[in-house]
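Chains B and C: place on chain A using the hints.
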Amino acid sequence: MNEKIDIHSLDDLSKAEVEELIEVSEKYRPLSKSDILKGKAIILLFLSPSLRTRVSMERAAQQLGADVVTLQSGASLWQFEVDEGIVMNGAAAEHMKEASRVLSRYGHLIAVRAFPNRESWEDDAQDKVHNGFMKWASVPVLNLESSLYHPCQSLADLITMKRALGSKKPGKVVMTWCNHPKALPVAVPTSFALAASQMGWDLTITHPEHYDLPAEIIERCQKHAAANNQKLTITSNREDAFADAQFVYAKSWGRLDCYGDTERELADRKARGLEKWIVDESIMASTDNAWFMHCLPVRRGVIVSDGVIDSPQSLVFEQAENRLHGQKALLLKQFQKLGND
Amino acid sequence: MNEKIDIHSLDDLSKAEVEELIEVSEKYRPLSKSDILKGKAIILLFLSPSLRTRVSMERAAQQLGADVVTLQSGASLWQFEVDEGIVMNGAAAEHMKEASRVLSRYGHLIAVRAFPNRESWEDDAQDKVHNGFMKWASVPVLNLESSLYHPCQSLADLITMKRALGSKKPGKVVMTWCNHPKALPVAVPTSFALAASQMGWDLTITHPEHYDLPAEIIERCQKHAAANNQKLTITSNREDAFADAQFVYAKSWGRLDCYGDTERELADRKARGLEKWIVDESIMASTDNAWFMHCLPVRRGVIVSDGVIDSPQSLVFEQAENRLHGQKALLLKQFQKLGND
Amino acid sequence: MNEKIDIHSLDDLSKAEVEELIEVSEKYRPLSKSDILKGKAIILLFLSPSLRTRVSMERAAQQLGADVVTLQSGASLWQFEVDEGIVMNGAAAEHMKEASRVLSRYGHLIAVRAFPNRESWEDDAQDKVHNGFMKWASVPVLNLESSLYHPCQSLADLITMKRALGSKKPGKVVMTWCNHPKALPVAVPTSFALAASQMGWDLTITHPEHYDLPAEIIERCQKHAAANNQKLTITSNREDAFADAQFVYAKSWGRLDCYGDTERELADRKARGLEKWIVDESIMASTDNAWFMHCLPVRRGVIVSDGVIDSPQSLVFEQAENRLHGQKALLLKQFQKLGND
Chain A
1 MNEKIDIHSL DDLSKAEVEE LIEVSEKYRP LSKSDILKGK AIILLFLSPS
51 LRTRVSMERA AQQLGADVVT LQSGASLWQF EVDEGIVMNG AAAEHMKEAS
101 RVLSRYGHLI AVRAFPNRES WEDDAQDKVH NGFMKWASVP VLNLESSLYH
151 PCQSLADLIT MKRALGSKKP GKVVMTWCNH PKALPVAVPT SFALAASQMG
201 WDLTITHPEH YDLPAEIIER CQKHAAANNQ KLTITSNRED AFADAQFVYA
251 KSWGRLDCYG DTERELADRK ARGLEKWIVD ESIMASTDNA WFMHCLPVRR
301 GVIVSDGVID SPQSLVFEQA ENRLHGQKAL LLKQFQKLGN D
Chain B
1 MNEKIDIHSL DDLSKAEVEE LIEVSEKYRP LSKSDILKGK AIILLFLSPS
51 LRTRVSMERA AQQLGADVVT LQSGASLWQF EVDEGIVMNG AAAEHMKEAS
101 RVLSRYGHLI AVRAFPNRES WEDDAQDKVH NGFMKWASVP VLNLESSLYH
151 PCQSLADLIT MKRALGSKKP GKVVMTWCNH PKALPVAVPT SFALAASQMG
201 WDLTITHPEH YDLPAEIIER CQKHAAANNQ KLTITSNRED AFADAQFVYA
251 KSWGRLDCYG DTERELADRK ARGLEKWIVD ESIMASTDNA WFMHCLPVRR
301 GVIVSDGVID SPQSLVFEQA ENRLHGQKAL LLKQFQKLGN D
Chain C
1 MNEKIDIHSL DDLSKAEVEE LIEVSEKYRP LSKSDILKGK AIILLFLSPS
51 LRTRVSMERA AQQLGADVVT LQSGASLWQF EVDEGIVMNG AAAEHMKEAS
101 RVLSRYGHLI AVRAFPNRES WEDDAQDKVH NGFMKWASVP VLNLESSLYH
151 PCQSLADLIT MKRALGSKKP GKVVMTWCNH PKALPVAVPT SFALAASQMG
201 WDLTITHPEH YDLPAEIIER CQKHAAANNQ KLTITSNRED AFADAQFVYA
251 KSWGRLDCYG DTERELADRK ARGLEKWIVD ESIMASTDNA WFMHCLPVRR
301 GVIVSDGVID SPQSLVFEQA ENRLHGQKAL LLKQFQKLGN D
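Chains as they are written, first to last, in our numbering: chain A, 1 to 341; chain B, 1 to 341; chain C, 1 to 341.
Since the hints were made in silico from the structure, they are not lab data. What you were told as hints is all true, and nothing was included just to trick you.
The list that follows gives simulated cross-link-like pairs (lysine to any residue, SDA-like), each with its CA atoms no further than 25 Å apart:
no.: 1; chain 1: A; residue 1: Lys169; chain 2: A; residue 2: Ser311
no.: 2; chain 1: A; residue 1: Lys33; chain 2: B; residue 2: Ser138
no.: 3; chain 1: A; residue 1: Lys38; chain 2: B; residue 2: Arg105
Only chain A is shown next, with the shape it has when bound in the complex (with noise of 0.2 Å):
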């Protein structure tokens, strides 16, 4: 028997292996209706909100034949208890050690969203949803984005990227941070930088000063950049990432040495004027005509202009579409359906 194989991050699996998930993904892209994961069950279990990854989800699930059970949270599920060996006197009425088995029992996967609780980033980043399923589940484990990584949305990034470029040159990918009313989290981002590097684009992340993604995250993008002959460029200059760009992604997330104070760091944004960090037609016209990424749902007049993004150079949608294509490729591969597993 094969060992279960689940996605936490999109670089958990080889170069060569999300080389060909993309090219699976091509291959079920015009799939409506089969019969390949026939008698199989996926749970999704959300315990964050979502439009995009739950309607992709259960489509992949449909189109590849599956059964899917969705999970939502609120006042219909139970609060999952995550730390081990403590007295369970309190809101929690459940330990996620049960859940993830008994759910093992009932499906034949299982996927998981929960985003941080942000208040503090040291227990954030220990991803405990993720790793307790992982962990105690049976079953493969899919991460629907956890406080650290998004592989499902990374995944649908590279499709896309690589489709809109079809025979051309690949050039530089910038991924900048971007004004927004709220601390977000850095799933996203991280999983992009993470994903371009991993896959040997020439990437630039350009972000104000402290807005640093997680140190160990970037030393594995250096490690991937290094291991594909390319270089990973930050830098806080704005106008130097953006020039001659092929790709701008546009992302905000929330400065980490200001974790759980989001008052002040809205505030500190204020005074810095970093509101000017938006994708508009004057920033996009020093780039080499670049594609713009988004993952969705964005704040048109704060990210980037409603001129960019309706652009026809915009590729929003292709992100989005490529999800449920990606996905079912994803999936696939958890259920060992892919020629070499």
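Chains B and C alone, transformed into the frame defined by chain A:
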């Protein structure tokens, strides 16, 4: 390629098309499971509560062999922005422009319910959520109840009346305002008035003074009536209205000129003794042994007496069941699976 | 035509029928997908939270080929009125009389969960929601846990005990009250007591003084036990109860004579030192290497020690899995798909 068929109000369709839907609903009534829409996916988006609509829509999709994904508002969904050209630095995390286009990539039809906010009639009367989805989605959009219309209910009502009548001669149809502890939306009464007048029924609307339905909709009803050489009567004289009625359709709705000030409206109802606007055995005695209709949910003892709703003349469960059969016909229409499409 | 088969308590069925359900659950255990209930629709109505019941019911329906529609209470559902003959001018927008009849038009079986309100035992003991659905729905009704009963859990418990036992001789079964930070419903202990006594197990119930289960249910248990030439022992002497036990079933429940005054009850538990009512290695040492059972969710460190629940003698995941298989048997029974129906 044919253009997509959105259904916002039932009278977006011609009288002949509505008659065809009624016939089609009878043809597919016995169907419990089929492959007609196999491989198609229907996305249901409930921004407001639902029992009948939710279950009957999921069942309609299942019986036709379509896949279905249901999204319900609450903690599980982002809040949508509906206005264009604004800076999104408030509560709304996603613009409907994105949501409608993204969902169009995942499914083949989007069905939306969004009740009015009941703060401003001018604003609600624009049905922004539904108009936005119809404008931006690239797939057909079905209205599961907006501020203005409830076409699924009206089609079920027409099916029910036709079946009740059988070979009998059509007579007088009365739609009567009823009392209620809340100020309710007008979508059901406007839609019933439009549907009954479009189909050529002899319609009388009775309500207390100041409870006028939207003028532009009454005007459309009058045009429909005229096209059928039929008259539309509106009166605050309840006794006249009920005399010799063949069908009594009960429904409460709020005053448009008290919009946003429910407290004042309810106090005024009390002062004017409007709780007598209940359909009970005494007022039904003046009808021609009329059938009783209501869209449900219904307040027993407020809108209708137990005796009337529990009588053999009550059609409320037929109306509810015909939601299912009518909606199968609507879906087939929108998927262009009917003969003449 | 056969009458509809409602299941409110497992002992609505005869001992022979329950034994048949246990056999049928084994027959359908390996089943992952079938067409047995193709074209049938099961409506799940959760007026209370759920993890196991929700997932295992959806999976049971999927494995049998039935369609399923799940409704969860919260912002997405109207509030139901359960009393008859009243004027509905309060919070409840829909009478259960309508809801149950409408859902009967859309599906072929209605399964309902509604926890007690815990304000008045007299009121809760009437199980109004479930009795209303059974009375008014024209299709079979399955109880997914009411104030009084949890038949799906009891059937799973019986299946689990039979499988654990194999060819061994049945011994002493102990159901023990446990401490808990809340005052919990009695549905699981009453149902386990009824099921174990109906099936002829040698049952001992142990709980602190004042934690008596409902007298009329204990009376029924005694009648079941007598019919099996078996005795039912009830004692507050924990040590005596555990001695030589073969199965230990742990469960907390609230005092019926403190109903609605949880604060008083919890203070009294503390004053009496009832936190010692935990199943740990020390008390288990006096048993005959007993199997440990609990319905989950369970409070580790309060109801049971980590050592006991994580031991090889723990059957909690078997119980959870057997929910699925037992419920397939229950559905087939209610759809009259078993041999002798």
